[in-house]
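Once you have looked at the hints, place chain B on chain A.
2 protein chains.
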Amino acid sequence: MPRSNNTILLSPEELSLRLGKVVDLMKNESIDTAVINDNANIFYLTGRVIDGYLLIDSQTSSMQAFVRRPSDISGPTTFSIRKPEDIPAIAAENDISIGDKIGLERDNSSWTTIHRLSKVFEGREICNIDHILMAARSVKTPAEIKLIAASGIRQSEVYRKIPSLYQQGMTDLDFQIEIERQLRMAGCLGQFRIAGDSMELFMANILVGDNADNPSPYDFAMGGHGAHPSLPVGADGSVIKRGQTVMVDANGNFTGYMTDMTRVFALGKIADDALRAHECSRLICHTLAEIARPGVEAKYLYEKAIEIVRGENLEDYFMGHRQHAGFIGHGVGIQINEHPVIAPRSRDILREGNVIALEPKFVIPGTGAVGIENTYVVTADGPMQCLTTAPEEIIAL
Amino acid sequence: MPRSNNTILLSPEELSLRLGKVVDLMKNESIDTAVINDNANIFYLTGRVIDGYLLIDSQTSSMQAFVRRPSDISGPTTFSIRKPEDIPAIAAENDISIGDKIGLERDNSSWTTIHRLSKVFEGREICNIDHILMAARSVKTPAEIKLIAASGIRQSEVYRKIPSLYQQGMTDLDFQIEIERQLRMAGCLGQFRIAGDSMELFMANILVGDNADNPSPYDFAMGGHGAHPSLPVGADGSVIKRGQTVMVDANGNFTGYMTDMTRVFALGKIADDALRAHECSRLICHTLAEIARPGVEAKYLYEKAIEIVRGENLEDYFMGHRQHAGFIGHGVGIQINEHPVIAPRSRDILREGNVIALEPKFVIPGTGAVGIENTYVVTADGPMQCLTTAPEEIIAL
Chain A
1 MPRSNNTILL
11 SPEELSLRLG
21 KVVDLMKNES
31 IDTAVINDNA
41 NIFYLTGRVI
51 DGYLLIDSQT
61 SSMQAFVRRP
71 SDISGPTTFS
81 IRKPEDIPAI
91 AAENDISIGD
101 KIGLERDNSS
111 WTTIHRLSKV
121 FEGREICNID
131 HILMAARSVK
141 TPAEIKLIAA
151 SGIRQSEVYR
161 KIPSLYQQGM
171 TDLDFQIEIE
181 RQLRMAGCLG
191 QFRIAGDSME
201 LFMANILVGD
211 NADNPSPYDF
221 AMGGHGAHPS
231 LPVGADGSVI
241 KRGQTVMVDA
251 NGNFTGYMTD
261 MTRVFALGKI
271 ADDALRAHEC
281 SRLICHTLAE
291 IARPGVEAKY
301 LYEKAIEIVR
311 GENLEDYFMG
321 HRQHAGFIGH
331 GVGIQINEHP
341 VIAPRSRDIL
351 REGNVIALEP
361 KFVIPGTGAV
371 GIENTYVVTA
381 DGPMQCLTTA
391 PEEIIAL
Chain B
1 MPRSNNTILL
11 SPEELSLRLG
21 KVVDLMKNES
31 IDTAVINDNA
41 NIFYLTGRVI
51 DGYLLIDSQT
61 SSMQAFVRRP
71 SDISGPTTFS
81 IRKPEDIPAI
91 AAENDISIGD
101 KIGLERDNSS
111 WTTIHRLSKV
121 FEGREICNID
131 HILMAARSVK
141 TPAEIKLIAA
151 SGIRQSEVYR
161 KIPSLYQQGM
171 TDLDFQIEIE
181 RQLRMAGCLG
191 QFRIAGDSME
201 LFMANILVGD
211 NADNPSPYDF
221 AMGGHGAHPS
231 LPVGADGSVI
241 KRGQTVMVDA
251 NGNFTGYMTD
261 MTRVFALGKI
271 ADDALRAHEC
281 SRLICHTLAE
291 IARPGVEAKY
301 LYEKAIEIVR
311 GENLEDYFMG
321 HRQHAGFIGH
331 GVGIQINEHP
341 VIAPRSRDIL
351 REGNVIALEP
361 KFVIPGTGAV
371 GIENTYVVTA
381 DGPMQCLTTA
391 PEEIIAL
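Quick mapping for you: the protein sequence lines, in order, are chains A and B. Note that our numbering has the first sequence beginning at 1, numbered continuously upward. Note that our numbering has the second sequence beginning at 1, numbered continuously upward.
For reference, chain A alone in the conformation it holds in the complex (with noise of 0.2 Å):
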């Protein structure tokens, strides 16, 4: 990694882009000032994470760093806090404007950080920006999608090793050990970072056989048991048997940019169903891609794969079997939930930028999960770029 002590890592064109992008919405919204304070968001603007808060001036399309840590970064427009009670009076002593209205992270940041800027911005106008930076970052540059590719290419090589790493008798649990360990040698950052207050993930969803049925508390395409109660979601230590399937859906995260990639594996002859369904997975992706461009609603790459789902009698086991996720597909970036949201009420429309993970899934009782994921970007005029490019047929382990 670059080591540089400057407050903006990114080029000055890169930052004029992104800046350009959420000062556009804000005027939209007459939002003034927008005070920034979220990781996800910070890296969005500078190309790191600070501990502190951007100041964006919506009339003058410029951002202020107020920095609490780390203590060694500084810039043009950097100030060095201890509080953001510090703000105001930097502010006023270096002629920057804090206008009268003002956007906060109501959707990512606590009621109390949000009660206490609110004090220190007092008398002013409140409101949310959270839906902007999420609509300014669901549009990525070419410099994100060059970031976003780059994590395609290295996620794909780790998975088209996944079969050399089975070894006969292993658990879920010790083949995604294995599977962490090619993933973190090839780069792999680790970090998942996912909005909203309660999503928990470590590393990867590896699902065997029926565990692929257990319902999970957390909103993600599949469940599964878990390994303990206190993270109920993906591998729960089931040995992988003959004539299961083995879902890897596993950290595409390798340059603070993510793919999102799935892979069926499977131990021995599968049921017919499950190889159909799987097949029809492809073809759901295989359809969206060509049909998804600019302009497109979002809620009709959903309708579309539910008509290809029906084609093939397969809803009982679309997204799940006892319990039935809302989604197929889900923008992806820093973050693994970005919009836009492919989902029946989504009024998200698609645009060229947009980089979307597909991830139509079906769990076939007695079998597993089948069917893949891939992360795409919607270009000009279609068909959608695919990143993540290991093969999509099922491995035999």
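Hint data in this document are derived by calculation from the structure and do not stem from the laboratory. For glycine and all other residues, C-beta sits at the position ideal for the given N, C-alpha and C. Hints are supplied without guarantee of correctness; some may be wrong.
Restraint-style ranges between C-beta atoms, simulated for each label pair [as the list claims (entries may be wrong)]:
1) A:Ser97 <-> B:Met185: 53 to 61 Å
2) B:Glu122 <-> A:Tyr300: 35 to 43 Å
3) B:Gln167 <-> A:Gly366: 41 to 49 Å
Leaving out everything else, chain B in the frame of chain A:
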């Protein structure tokens, strides 16, 4: 893990102990009803994670669960909901009292979540409940101490193997990956629960040589440059060289409850000052373990540590060199940063059943980080009992 579809995995006696502490603290502040949604608090009160809300009635010392997911759990006090807005009607139908003063998790839930819940319970007085949960959770029950001790045994076993994992020419990251694998093979869940909006770490903080002196944005005891600016903490790819220390502070969560332990390894002979500082850290831990008992102020432990450090003229290196951490210890349990906090302005007073990680560490320029971290239980009449038992000396690689 036990496979049960009961909402409450705790024994009735254990639930009663935990709920009793929460209810007593609620009564002190005349809070009628607590609404609990945070995963760590839900795990504390049920022994599992659910997507939903626990309602605690302080008058009757009773708790009801309103569960969105998973779909397959039930119990005598469990109701299925789709959204929090469903709660009041279900409560009314089932004669579940919702009082006039409601405690919500304002420190741990987003502003948007609290705003939504405040509307669900409109017309009632809303206050914070998080400090009450943190206070209750800071005094562990005997069953919780057993779970923490079990983590300590397994973490200590892995730490004893660490020297055997080293191979010549390894970077800090190579070494970390092998340590991660051993932890996972020993049953480490990987998950590292941290309270607070912006704390992030993956599995371990492993610091080699002068990387220990790189400031980080995160509020941990030590920093490190990290492998990527999206997660700027810990190992940065430094090759482990002769005369440098390798500080290992790795994930101790084996039971949903964690221990926190740090040990130092070294290649070849290291500087006398570093050896002296390491012994100073051990002396601080042993001294504080002797004097810590119920009724002692947390800040007194901090002051005692500083006194010992001054006696050795090591202030410049204590808790970092270029950037200093503001605490030398913290409570640990379901999350890594619980109460009490061992810091100069801490208002915490030790109680029997507190579990405290003490980590008086030094950064010696040219050598690296030294010092130990142990997890201790505060006993009725002292000294504290140590749960992390790997050898404390600097171990040769």
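Practice item. Would you list, in rising numerical order, the hints stated earlier that this structure does not obey? Key: none
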